[in-house]
Amino acid sequence: MSARGAPSYSPYSGIEERVMQEDGAGPASRSVLGADSRRQDGRLPEECRPAFLQVGTVSRAAGSAYAEFASTKVLVAVYGPRESRKAAAYSDTSRLTCDVKLAAFATKSRGKYGQGTAERELSDLLHKALVSAVRLDTFPKASVDVFALVLESGGADLAVVVTAASLALADAGIEMLDMVAATSLSLVGGHLLVDPAASEERAQDGNVLVALMPARNEVTQMHLAGAWPDTHAAQAIELCLDGCHKLDGEMRACLREHAATANGS
Amino acid sequence: MLQSSGQGDGPSTSGSEQASSYVGQIVAPGDIVLDLTQAGKLVRIGGGLQQDGTSLVVTKAGRLRHTKPSKYWVEGSQRRYVPAVEDVVVGVVVERYAEHLVIDIGGPVTALLPALAFEGATRRNKPNLNIGDSVYARVTSTSRDTEPTLACHDASGRAAGFGPLAKGYLFQCSTGLARTLLSRPTCAVLEALGGGLSFELAVGMNGKVWVDAASAAITVLVANAIINSEFLSPTQAKIMVKSLLKQVQQP
Amino acid sequence: MSSQGSLRKDGRTFNQLRGMVCDRGLLHRADGSAKWSQDGTSVLVGVYGPKNMPPKREDPEKAVLEVLWKPKSGIQGPEEREAEIILRRTLEAVVLAPLFPRAGISVVVQVIHDDGSLLSCAINAACAALVDAGIPMTGLLASVTIALAKRDDGAGGGAHLQLDPTREEQDGAQATVCLALETTPKAATSNGSVEGEAVVTSTTRGAMAIEEYLEALDRCRMASRTINAFARLSLDKAQRRLELPGT
Amino acid sequence: MDSQLEAEAFKRIYPEEYFQRFLSEGTRPDGRPLGRARSTTIGFGAVSTADGSALVKIGSTTLLAGIKLEVMTPTAEAPDAGKIAATFEMPPLCSPDARPERRLEETSVVVQQVMNAIESAGLVNTKELLISTGKAAWVAYLDIYCLDADGSLLDAALLAAVAAFADLTLPPVRVNPEGHVLPVLSGAQGGNLRENGDASSEVVTVERRKLTLGAMPWAATIGLYKGHLIVDPTAEEEALLESTVTTILDEAGRLISLFKPGGITAVTTALIQDCVELTRHRARELKQILEESSQEDEDEGDESQ
Amino acid sequence: MPGLSAAELSFLEGGIAQDLRNDGRGREDFRSFSIQLDVISQASGSARVRLGATDILASIKAELGSPPAEFPHLGRLELAVEISPTAGPEFEGRGGEELSAELGKALERSFAGGANGTGAAVDLAALSVVEGKTCWVLYADVLVLNADGNILDASAIGIKAALSNTRIPKVEVLAGEGDEEGELELNDDPDECARVSTAAVPLIVTLTKVGRHYIADATGDEEAQMSSALSVAVNEKGQLCGVTKRGSAGIDPSVISDMLSVARRIGKRLLAKVDAEISLAESRLESET
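One line per chain: the protein sequences are A, B, C, D and E, in this order. Under UniProt numbering, read the first sequence as residues 1 to 265, first letter to last. Under UniProt numbering, read the second sequence as residues 1 to 251, first letter to last. Under UniProt numbering, read the third sequence as residues 1 to 247, first letter to last. Under UniProt numbering, read the fourth sequence as residues 1 to 305, first letter to last. Under UniProt numbering, read the fifth sequence as residues 1 to 289, first letter to last.
Just chain A, with the same shape it has in the complex (with noise of 0.2 Å):
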């Protein structure tokens, strides 16, 4: 992803880290929630942001999902059943491969993730939180493949690319246990922030994903990073399950639409 001469930087990149730490003493002071307890963007800490979901957004994919949360923007596409690429041995179930990619515009400072290894992680995290869900056991020997980009990095990236992803399978008519819906949640200076945006995910001194099954009430991937007093962790998983059923409502509305759209038309 590099140009190739001379190296370039930005003069921007990390400036919002600076003015955080000339902005106060130490982490204890960071202003994640105004006086009126209410986070930049104006939100609650348990509220989550406005979420627009389209499926049906890809022509020539067997199914595709756009998620639009404010800024983090993520265009998902599902292939499949098809034949497996890889020379795999013969095999009862098809694969699931799951492959995401953040533009090289995406985050602050341009290609950030272009070594792969983030993209890497995030594409197998996907898979995990996805895999339990979809019934591999349906269509031997293929291959079901989802690819995510993230456009924007804006925030809560993965529960986001998750969601989506659910979605465009769902529209892609693979037969699948439950939708998966995953919400992210941040701890900054003692502080639990549903949903994060950029900005509070770098504050963040942990966070929470959890991605669900809602109908089944199964977790189907689960991760906890950063450390945690007793009680916030149980109350993070708590409202980050909530946020989980609240979107699993959203979506169940946004195939409704699509459904009813495509029969009226």
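There may be inaccurate statements among the hints.
Said to hold, decoys possible - List of simulated lysine to any residue pairs, SDA-like, C-alpha gap at most 25 Å: (1) D:K135 x A:Y12; (2) C:K56 x A:R82; (3) A:K141 x E:E277; (4) E:K133 x A:R82; (5) B:K71 x B:E86; (6) A:K108 x E:E108; (7) E:K61 x E:E277; (8) A:K141 x C:K237; (9) C:K51 x B:G176; (10) C:K56 x D:R99; (11) C:K56 x B:E86; (12) E:K237 x E:D123.
What the hints assert, rightly or not - One-sided excerpt, in silico: chain B residues whose CB lies under 8 Å from chain C: (13) D31; (14) T59; (15) G62; (16) R65; (17) A98.
Said to hold, decoys possible - Each pair of labels, with its calculated beta carbon distance range: (18) E:E90 x C:K70: 41 to 47 Å; (19) D:T73 x A:A262: 51 to 57 Å; (20) B:D145 x C:D236: 35 to 41 Å.
For the record, the hints were derived by calculation from the structure and aren't laboratory data. Beta carbons are placed, not taken as given, at the ideal position from N, Cα and C, and that holds for glycine.
Since the structure of chain A is already known, use the hints to place chains B, C, D and E on it.
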């Protein structure tokens, strides 16, 4: 009105057609050598020509040849062999299956040799060929959409010299040279070699040549003599063979 | 109006091609090869095939044509990759690929030296190499590059079109046009009036008026005949040499 | 329903005949006349992490172009100019033909032709990207992503690139004596940030500004099929075409590019003139769409302020 | 895992249901383990941990590097796991790569803390040498020599032990003249070296779900029966420092909260045990020299 054929001569109706004015000239792809509306009823075309509407168009560079009454082809030298029915070829076994062998004859695609296409072969009794073995065979069919097929017997089912080539040395020459080696009367280089040495030789139209002789030295000599002869006149070839023979006969 | 005495740096007139040299059959391992030079620009092309293709890449309808473009030194950049694709699609216009279903034909292009008009030189070289390999084709191609010199060079009128530009002329030009044209074959029949050699490939660089492009096209058409005549002459010579022992 | 299924089956088994039947009636599978391009939209500023961006849709074909600015040291040959570095990506989500392990060959052609058109038209004066002579200049990284590949990618990619440059804003910066470029922060933010060196030693401060764009290039891809000229082909149509001609014109009617990469039919002078004529029409259309979209964009901007 | 018959598997599962595992342990019991310190002389600190038949080698290497761009006042802790091809037949060739990456990420989640370094296993600010220019980078590498289940928990024990054994050379920053940067002088006299505080280093407790129950410290055979697992990092203060769900099956949220509190309980016991083993190993080491 137009009939495609490989090498064979068949019956042809003749008319009072006018032969192409390009006969004997060097032609290049795209050249229109004959107006078919002006030609007779039946025109036979060989390699390097194609019908395009009412014209006969060249697809390969070379010299335009014509035999009476109305057969045309382009004679050029190309290294890559394109199989034609009744060509004799030398090939190498690359895959083995119960019903057939896959043979590399150096063409655009590999050829098939049915396991029973040998003289007197039965399910129980058929020659055992392994991957890497050489075989001398005849092309029995070519079609755009299937692999060419081979056989190790002539049209009446007799071996006629075809079959596995044990031991020996296999080398590649141009298809032009292979044609010279197969031509009648016997070409100068083979005649000269045959006069002084005894060896076995199988030449394929595909440019693969197999030689076997009592000693490795003679095998190598024959192979070198053949390769060297490509751009020599008959007289030059005879002199070249003579000097080579001297070298081996000296000690 | 006149371009009297306004010769180019290398002494050519504006409408003059550089000296061409074409050697065929240089590569013994290849099924066909040709080295084509236009003075300082020189390209060597080897053709392999029709040959077996791995089943994954074969096409059941026709031979797959692949082009590998090797720059003079170093590794392929985006420009070379683009040239590779343009060259491949250009050759597809004349190669009779449907005659060899499932097979492959590789064209390997080695740039020896680039002194301008490189793509044209490569197209001419590839075409000669395909002929040398005996690959069936519907006809021959001729490629010409032409440069539109900047007007402030003082050359008036139509004199600012420089045929077969050197690298220096090319870099200093307001625009360049590279065309690959069908050639008029020898014909036993006259197919009525021909509109002029049709354009198989066109790439341009820089801005120009439509009329300038059309004029460039006419000039290239004229030049393509010279190239075609030369290609046939060189083919004749090569063919005679091959036939020497027989005659 | 049955007849629809039948039509679908016919299309899959005999795509050529299916296509020809439409053409013989002067129309196309999607109902367009041969000479009409698909409806086209431009969305400016689609990505806030980019310094300039645009989302372009031509029918289903969707491209997102983003420009990010970084500072470089100008080259010795051009000490007073910045540069543009472009990439074109076809991630595997855009088409069933794009697979992660394999790069589609279109990508190399599109990026080269987009850059060629931008340079040939003189859209961007790279001297405007200068911050401080010999010391610092902007390099504009133009990354174009194909989000839905449904034909005529070059047309859409060029439109997205032009629109992204129209959307581009150069941020305010200052340069310290060592030639290092520093951000200029607004109001409260800036006040608290420790200054690197005192203010008097600064050489230059560059205001936030837009680029003055030169001639805009407009592209139209025209497919050739059995003597028909098919404007703005879809992916389905492209698979059947004999060859394509992409003509790029600027508003003054200058020819910026005439790109015909081989293919199995050759074109005559008359056909080239037809392509140019069709492109003239399309260029007027595209110019209007860009102007209207940017007007809307400004109106929205005014409202939100 | 090959080699276990259906009967063996059901026996194993039945035992777990009755809180009596094949090796006699209850569901929440760890296998006995041993720690050996300072096993690699070139490393800044190292430890070998044997947990049942699982055998790992943890090493810490301190090197001078550059601090993270966004946080110039911090040092860095880099974690990686490598599984030796000899650790088991399934790790031959490139077989171990996927698991290595997964375990590496799980360790990172548990030890690296938040983006700004709060909650990290070691005090990253203490690793800073020259703000924005130079800092210590601690490379913590785990090499798995033999795998018989629960590699992750063993790795965490190994890293904690290796960190307790780590000595970081003293660095003096010599004042530079004018604008010039000061030079660094390293002093690796063992007496002058700094030690790393391991009080905040967490341990990991992986609870593996087999059937309806979950067990601590699963063996290789037991892991083959796993439907899913939860790896929970716990520190001295009883804080959760990282949770990673593994395995593909979903888990009910209420089960997750049960598992978290059980892990915290087991973790507390384990921390005390590991601390005791480390001091034992330290005294052994001292008596040797």
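Here's how the hints hold up against the structure:
no. : hint                        : in the structure
1   : D:K135 x A:Y12              : holds, 18 Å
2   : C:K56 x A:R82               : holds, 16 Å
3   : A:K141 x E:E277             : violated, 50 Å
4   : E:K133 x A:R82              : violated, 51 Å
5   : B:K71 x B:E86               : holds, 18 Å
6   : A:K108 x E:E108             : holds, 23 Å
7   : E:K61 x E:E277              : holds, 22 Å
8   : A:K141 x C:K237             : violated, 59 Å
9   : C:K51 x B:G176              : holds, 18 Å
10  : C:K56 x D:R99               : holds, 15 Å
11  : C:K56 x B:E86               : violated, 31 Å
12  : E:K237 x E:D123             : holds, 15 Å
13  : D31                         : holds, 4 Å
14  : T59                         : holds, 4 Å
15  : G62                         : holds, 6 Å
16  : R65                         : violated, 12 Å
17  : A98                         : violated, 20 Å
18  : E:E90 x C:K70: 41 to 47 Å   : holds, 43 Å
19  : D:T73 x A:A262: 51 to 57 Å  : holds, 55 Å
20  : B:D145 x C:D236: 35 to 41 Å : holds, 36 Å
In this structure, the earlier hints numbered 3, 4, 8, 11, 16, 17 are contradicted, and the remaining ones agree with it.
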